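**Q** Sequence:
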Amino acid sequence: MRPPEASGSPPEPTPAPVPDIVIRPSVPGAGLPALTPPPRKSPWRTWLAVGIGLVVLLFAAAYVYRGEIGDRLPPAWQTILKVEARRAADRAHLYIDLEASRIDFVDGRYVVTGEVANSGNKAGTMQALKLTFRAGEQVVGQRIVPLVEGPIPPGGRTRFSLPLDDPPAGTTNIVPTID
Numbered sequence: 001m002r003p004p005e006a007s008g009s010p011p012e013p014t015p016a017p018v019p020d021i022v023i024r025p026s027v028p029g030a031g032l033p034a035l036t037p038p039p040r041k042s043p044w045r046t047w048l049a050v051g052i053g054l055v056v057l058l059f060a061a062a063y064v065y066r067g068e069i070g071d072r073l074p075p076a077w078q079t080i081l082k083v084e085a086r087r088a089a090d091r092a093h094l095y096i097d098l099e100a101s102r103i104d105f106v107d108g109r110y111v112v113t114g115e116v117a118n119s120g121n122k123a124g125t126m127q128a129l130k131l132t133f134r135a136g137e138q139v140v141g142q143r144i145v146p147l148v149e150g151p152i153p154p155g156g157r158t159r160f161s162l163p164l165d166d167p168p169a170g171t172t173n174i175v176p177t178i179d
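Numbering (our numbering), first residue to last: 1 to 179.
Hints listed in this document are in silico derivations from the structure and should not be mistaken for laboratory results. This structure is a prediction, so every number in the text was calculated from the model and none was measured. Don't take each hint at face value.
[What the hints assert, rightly or not] Cβ pair distances, simulated, as ranges:
id, residue 1, residue 2, range
1, V55, P153, 39 to 45 Å
2, K82, T46, 36 to 42 Å
3, L98, W77, 22 to 28 Å
4, P153, A128, 16 to 22 Å
5, A61, I144, 32 to 38 Å
6, I69, R159, 33 to 39 Å
7, V55, P75, 45 to 51 Å
8, Q142, G51, 46 to 52 Å
9, P75, G53, 29 to 35 Å
10, R72, V111, 34 to 40 Å
Even glycine gets a Cβ: it sits at the ideal position worked out from N, Cα and C.
All chains, full assembly: derive it from the sequences and hints.
**A** Shown next, in the form of structure tokens:
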């Protein structure tokens with residue numbers, strides 16, 4: 001045993017208590033964030049861009065080929081889209097003025113008289129007249145008769161007269177149109 005030391009000396013240090021959590025030195029590279037694969041991009045943006053590109057391409061093609069497309073549309077669509085109004089700007093538009101037209105029965109023959117008008121911007125020539133024979137509301141027959149009139153200037157009119165020898169039996173009305 002040892003003799004007690006003088007009271008002037010410091011007491012012997014007591015060991016520190018062991019902590020509940022142990023801190024260990026880090027492994028090199030352990031402080032970096034974890035490398036995870038990037039999240040997958042959803043393809044909706046790509047599909048949206050492709051869809052918009054196709055729509056723009058279709059509208060451009062429709063604009064370039066609008067004349068050919070307009071010719072192939074059914075008559076009801078042409079009326080709705082006013083295809084004829086766009087065409088009238090660059091061609092002749094001949095029509096028969098039905099208010100100035102008459103059908104007379106002279107010497108056992110029908111005589112169709114009337115006026116052809118041009119509402120287009122170019123001079124036009126009429127080649128044939130289409131006659132629809134009616135008995136009331138029923139169509140009895142149709143004929144295409146050659147009738148050359150023109151050239152008719154823009155905004156101009158010209159008269160025609162056409163005798164018919166043998167209309168279909170039961171004819172009560174004749175409707176002339178340009179063929």
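**Q** Quick one: which hint numbers does this structure break? Sort them smallest to largest.
**A** 7
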